[in-house]
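Undergrad: These are the residues of each chain, in order.
4 protein chains.
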Amino acid sequence: SGNFFLIAGPCAIEGEDMAFEIARHISEVCDDLHIPFIFKGSYRKANRSRIDSFTGIGDEKALGILQKIGEEFQVPVTTDIHTEAEAAMAAQYVDVLQIPAFLCRQTTLLVAAAETGKAVNIKKGQFLSPEAMKFARDKVIDAGNEQVLLTERGVTFGYQDLVVDFRGIPVMQSLGSPVVLDCTHSLQQPNQSSGVTGGRPALISTIARAGIAAGTDGLFIETHPRPSEAKSDGANMLPMDQLRPLLEKLARIREAIR
Amino acid sequence: SGNFFLIAGPCAIEGEDMAFEIARHISEVCDDLHIPFIFKGSYRKANRSRIDSFTGIGDEKALGILQKIGEEFQVPVTTDIHTEAEAAMAAQYVDVLQIPAFLCRQTTLLVAAAETGKAVNIKKGQFLSPEAMKFARDKVIDAGNEQVLLTERGVTFGYQDLVVDFRGIPVMQSLGSPVVLDCTHSLQQPNQSSGVTGGRPALISTIARAGIAAGTDGLFIETHPRPSEAKSDGANMLPMDQLRPLLEKLARIREAIR
Amino acid sequence: SGNFFLIAGPCAIEGEDMAFEIARHISEVCDDLHIPFIFKGSYRKANRSRIDSFTGIGDEKALGILQKIGEEFQVPVTTDIHTEAEAAMAAQYVDVLQIPAFLCRQTTLLVAAAETGKAVNIKKGQFLSPEAMKFARDKVIDAGNEQVLLTERGVTFGYQDLVVDFRGIPVMQSLGSPVVLDCTHSLQQPNQSSGVTGGRPALISTIARAGIAAGTDGLFIETHPRPSEAKSDGANMLPMDQLRPLLEKLARIREAIR
Amino acid sequence: SGNFFLIAGPCAIEGEDMAFEIARHISEVCDDLHIPFIFKGSYRKANRSRIDSFTGIGDEKALGILQKIGEEFQVPVTTDIHTEAEAAMAAQYVDVLQIPAFLCRQTTLLVAAAETGKAVNIKKGQFLSPEAMKFARDKVIDAGNEQVLLTERGVTFGYQDLVVDFRGIPVMQSLGSPVVLDCTHSLQQPNQSSGVTGGRPALISTIARAGIAAGTDGLFIETHPRPSEAKSDGANMLPMDQLRPLLEKLARIREAIR
Chain Z
281 SGNFFLIAGP
291 CAIEGEDMAF
301 EIARHISEVC
311 DDLHIPFIFK
321 GSYRKANRSR
331 IDSFTGIGDE
341 KALGILQKIG
351 EEFQVPVTTD
361 IHTEAEAAMA
371 AQYVDVLQIP
381 AFLCRQTTLL
391 VAAAETGKAV
401 NIKKGQFLSP
411 EAMKFARDKV
421 IDAGNEQVLL
431 TERGVTFGYQ
441 DLVVDFRGIP
451 VMQSLGSPVV
461 LDCTHSLQQP
471 NQSSGVTGGR
481 PALISTIARA
491 GIAAGTDGLF
501 IETHPRPSEA
511 KSDGANMLPM
521 DQLRPLLEKL
531 ARIREAIR
Chain R
281 SGNFFLIAGP
291 CAIEGEDMAF
301 EIARHISEVC
311 DDLHIPFIFK
321 GSYRKANRSR
331 IDSFTGIGDE
341 KALGILQKIG
351 EEFQVPVTTD
361 IHTEAEAAMA
371 AQYVDVLQIP
381 AFLCRQTTLL
391 VAAAETGKAV
401 NIKKGQFLSP
411 EAMKFARDKV
421 IDAGNEQVLL
431 TERGVTFGYQ
441 DLVVDFRGIP
451 VMQSLGSPVV
461 LDCTHSLQQP
471 NQSSGVTGGR
481 PALISTIARA
491 GIAAGTDGLF
501 IETHPRPSEA
511 KSDGANMLPM
521 DQLRPLLEKL
531 ARIREAIR
Chain D
281 SGNFFLIAGP
291 CAIEGEDMAF
301 EIARHISEVC
311 DDLHIPFIFK
321 GSYRKANRSR
331 IDSFTGIGDE
341 KALGILQKIG
351 EEFQVPVTTD
361 IHTEAEAAMA
371 AQYVDVLQIP
381 AFLCRQTTLL
391 VAAAETGKAV
401 NIKKGQFLSP
411 EAMKFARDKV
421 IDAGNEQVLL
431 TERGVTFGYQ
441 DLVVDFRGIP
451 VMQSLGSPVV
461 LDCTHSLQQP
471 NQSSGVTGGR
481 PALISTIARA
491 GIAAGTDGLF
501 IETHPRPSEA
511 KSDGANMLPM
521 DQLRPLLEKL
531 ARIREAIR
Chain C
281 SGNFFLIAGP
291 CAIEGEDMAF
301 EIARHISEVC
311 DDLHIPFIFK
321 GSYRKANRSR
331 IDSFTGIGDE
341 KALGILQKIG
351 EEFQVPVTTD
361 IHTEAEAAMA
371 AQYVDVLQIP
381 AFLCRQTTLL
391 VAAAETGKAV
401 NIKKGQFLSP
411 EAMKFARDKV
421 IDAGNEQVLL
431 TERGVTFGYQ
441 DLVVDFRGIP
451 VMQSLGSPVV
461 LDCTHSLQQP
471 NQSSGVTGGR
481 PALISTIARA
491 GIAAGTDGLF
501 IETHPRPSEA
511 KSDGANMLPM
521 DQLRPLLEKL
531 ARIREAIR
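Quick mapping for you: the protein sequence lines, in order, are chains Z, R, D and C. Take the working numbering: the final residue in the first sequence is number 538, and no numbers are missing along the way. Take the working numbering: the final residue in the second sequence is number 538, and no numbers are missing along the way. Take the working numbering: the final residue in the third sequence is number 538, and no numbers are missing along the way. Take the working numbering: the final residue in the fourth sequence is number 538, and no numbers are missing along the way.
Any given hint could turn out to be false.
[Said to hold, decoys possible] Heads up, simulated EDC-like pairs for lysine to aspartate or glutamate below, C-alpha to C-alpha not over 16 Å straight-line:
1. C/529 - D/312
2. D/529 - D/312
3. C/348 - C/364
4. D/529 - C/535
5. R/529 - Z/535
6. R/341 - R/395
7. Z/529 - R/535
8. C/325 - C/301
9. C/348 - C/395
[Claimed, not checked] To give an idea of the interface, some chain C residues facing chain D are shown, with a C-beta separation under 7 Å as derived from the structure:
10. 283
11. 285
12. 447
13. 481
14. 483
15. 493
16. 524
17. 525
18. 528
19. 532
20. 533
21. 536
It should be emphasised that the hints constitute simulated quantities derived from the structure, not laboratory data. Glycine residues also receive a C-beta, built at the ideal position from the N, C-alpha and C atoms.
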């Protein structure tokens, strides 16, 4: 349709009911606005700051929910993986494997993801330049998999802040892969003294609008009907009732830059 | 018209002919697109990296050209000042006094600018947070002048790069003044080994589009019919023939976010 | 002896002869200067920028060399691991398991390392604050292993540079673990256009001296008799003949701050 | 004597009694330890965040006190200047003119300072690389004044923090001028929400020790007998009774690196 695509869902799969509620809502909005939609949910959280953070409801259970959502709503689904073993396992359930930003330099993980034949979405490390994503992308392509997405999610800016460098969008596009802007994690504020990453969700619209105007191919937005009840990353998710008006505005911007 | 406004012109006033050529072109484009236009030109360059850089054609001569452009094209004009004495002098010729980013904390300069009664456009220091511009703005307002503009021009990101933090646009707007995004200097790459600041002018469109989508009130763009011939900052100026298509696209984005 | 300790060796174990040559030399120097010495060598390089970089001579072969060095020179040996499986395997050969900076937030890796009962040296991510290392350290301690070392190796400073924040040394010491300053990787310059990380080895002495004066408990220095012939990280290693005079100076500084 | 030199004093000259009390104490300690001493005090604060901050007791009164201290204790004295007019005025009273970091690129100020014939101490802007100080230094030297000092005072690291890059010490020394490390302002934490710059004075010793070990020629330390009563920058000054034990340790480190 010429529109941008949307990767969206809750941070983590906390249960089937909430996952379906979220998938149904996003799916309807995206259908109405002709926005291709990929459902996202983590089945396990492996790199939380603190060991007592929520880490998941069980791998197979959560992956099964993801698969069921893909079938029910006829959308691709994606999740993030952390080890070679997870690549093979998750690939049985999902369409796109997401490589976490901290792990974007781990060669064996990238190769294992590539070898599943699924699309691979590599998040740009907070320590990496847009140009250097060439080498991460090459690892997947050299393993025989051309389906690569690259995701911007902010770069380290002092200890307790990230900043989105919009110059990176055209730079990464010039590598030859679609570029996604992760509006949720780009607004994180890491290294808070509580051990729980903070965020500025009121600015999701600002970042998303700027991203679409800058020409990004896709957006990543975590959303939840009741963010304050979420077990993971509640501070950063977009309240779900704000999604439709935001996407309407973004679709108009997309139209304006054609 | 509800449109954004544009502060534009050459980096420095190199002579009357070139200044008029540039003003005429921008003026025509902005008239066609209903974009309020403020002509900008520096009459003196005071903070170049190297002492052998071009610094100007003479203060009164350059200021006189600015004034003449204001009268001829019926537009406000602006220039940057560096000392209290310059504030009083320049105020006789121009409508808006621009405070350079390096000088945004100099109290006596801000107060002297405020006391001229002219509008004061404070560029955010590369070392300052958007929130901290409150204190710079207060210095002008406490001196009895409510006409303040705040300009984002990138923040220090390592030694040899700047990054634009688009979160700063709504943050500075919440202080109560219009916010300008300086697309030219935001793309500078300082501290190059040559002593001449570099830049990435191919990305002006990306930054400008993102800025308008993020809701900035105004844009600042330096432009020149033949950038490679410019005596100052040629590496960063937008080739003038690219201005109209860029502004057309930006006006469409502005329309899209209403 | 009240002296600082030294973790040193080549970047990667390229073969038995070179590893023994290096271990012998460092061991002699450290004996003479009463500096406790831990031999370090990577048995596999997992996170190189480019996929065509050197990755190793084979895991078991390289680990066997490490073990043999420990026995021959009666020193503890250490290597870096990247997965839970590697933790268990490497623990059969070495005394200290090093967690790479990019992986310092991976809970299962930290726990797997902890559960081997070996000492765990966690390198601080280029994206992490010294204070936030509390949470990484807690993951090891909560798994029942109190033997934790924390290593500073520079923090992201723009895309193509790292900077060592010496404030982090006392901050991390206050968490209750010995702190190591990695002089080699702190001087890396990442994201170079070649895909090969650069460095500034001429500054190793500056960083090491500052670190000892700031009170670091240990230093990490990669060294090689002929850096230009090294298969990995040659650009950053200290030429081995410079090690003794450097350590002599550092021991004097250590004495001076008692 | 081969020792480092010390630029020290209160942040601002608040009155003759406190200035003399401080000068006398530092002078005695430095005499005992054979540390060349330059007394520093600001006679006016021109770039405070907030307009309601303390700005001084009157220019001539404060400059007169500086001059009197120079005569009484037979030490050079220094102060910071903000305009060309101040350069000429202050040069009648002091031996070293200090250029504030924010103003290190202002050509006319550097030239005016140079032309007084007094030594010029240029603080490195929070936005400048060590290498780029070449161009600031050249402006003074090209104006006929070879007496230049260069001072490191931290570089912008996110909005609310500065970090000292110790690599800059040898880099700036290679330009041919003595290098000073400003331990007080390097530990500032700018852009705090209160509009009053914060700091971490407990880390002054860490930074000073690292600086001496890294080979800096001089240190800059603001000190006050009762920091909490100081009218300016109290949060960052070293309590004066900690100066002697600190300098004793630093002199030992200096001896160790010869």
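Undergrad: Work down the list of hints and note, for each, if the structure agrees.
TA: Hint check:
1. For the hint linking residue 529 of chain C to residue 312 of chain D, the alpha-carbon distance of about 26 Å lies beyond 16 Å, and the restraint is violated.
2. The straight-line distance between the Cα atoms of residue 529 of chain D and residue 312 of chain D is roughly 13 Å, inside the 16 Å bound, and the hint therefore holds.
3. Taken as a hint, the residue 348 of chain C and residue 364 of chain C pair is broken in the structure, with Cα atoms around 24 Å apart against an allowance of 16 Å.
4. Taking the CA atoms of residue 529 of chain D and residue 535 of chain C, the gap is about 10 Å. The hint holds against a cut of 16 Å.
5. Only pairs whose Cα atoms come within 16 Å are accepted, and residue 529 of chain R paired with residue 535 of chain Z is accepted, the gap being roughly 10 Å.
6. Restraint check: the Cα-Cα separation between residue 341 of chain R and residue 395 of chain R comes to about 24 Å, which exceeds 16 Å; the hinted pair is violated.
7. Among the hinted pairs, residue 529 of chain Z with residue 535 of chain R is consistent with the structure: their alpha-carbon atoms are about 10 Å apart, no more than 16 Å.
8. Distance check on the hinted pair: residue 325 of chain C and residue 301 of chain C sit about 21 Å apart at the alpha-carbon level, beyond 16 Å; violated.
9. Distance restraint check for residue 348 of chain C and residue 395 of chain C: the Cα-Cα separation of roughly 24 Å exceeds the 16 Å cut-off, and the hinted pair is therefore not satisfied.
10. With a least beta-carbon distance of about 13 Å to chain D, the hint placing residue 283 of chain C at the interface is violated under the 7 Å criterion.
11. Below 7 Å, beta-carbon pairs count as interface contacts, and residue 285 of chain C has none with chain D, the closest being about 18 Å; its hint is therefore violated.
12. A cut of 7 Å between beta carbons decides the hint on residue 447 of chain C: the least distance to chain D is about 5 Å, and the hint holds.
13. Look at residue 481 of chain C: its Cβ only gets to about 12 Å from chain D, farther than 7 Å, so that hint breaks.
14. Interface hint status for residue 483 of chain C: upheld, as the beta-carbon distance to the closest one in chain D is roughly 5 Å, under 7 Å.
15. Hint on residue 493 of chain C holds. Least Cβ distance to chain D is approximately 3 Å, under the 7 Å limit.
16. Contact between residue 524 of chain C and chain D, as hinted, is not supported at the beta carbon level, the nearest pair being about 16 Å apart and thus beyond 7 Å.
17. At about 12 Å, the closest approach between the beta carbon of residue 525 of chain C and any beta carbon in chain D exceeds 7 Å, and the interface hint on this residue is violated.
18. With 7 Å as the threshold, the beta carbon of residue 528 of chain C stays out of range of chain D, its nearest partner Cβ sitting at about 10 Å, so the hint is violated.
19. Contact between residue 532 of chain C and chain D, as hinted, is supported at the beta carbon level, the nearest pair being about 4 Å apart and thus within 7 Å.
20. Satisfaction of the interface hint for residue 533 of chain C is found here, the shortest Cβ-Cβ separation to chain D being roughly 5 Å, below the 7 Å cut-off.
21. Interface hint status for residue 536 of chain C: upheld, as the beta-carbon distance to the closest one in chain D is roughly 4 Å, under 7 Å.
Of the numbered hints listed earlier, those contradicted by the structure are 1, 3, 6, 8, 9, 10, 11, 13, 16, 17, 18.
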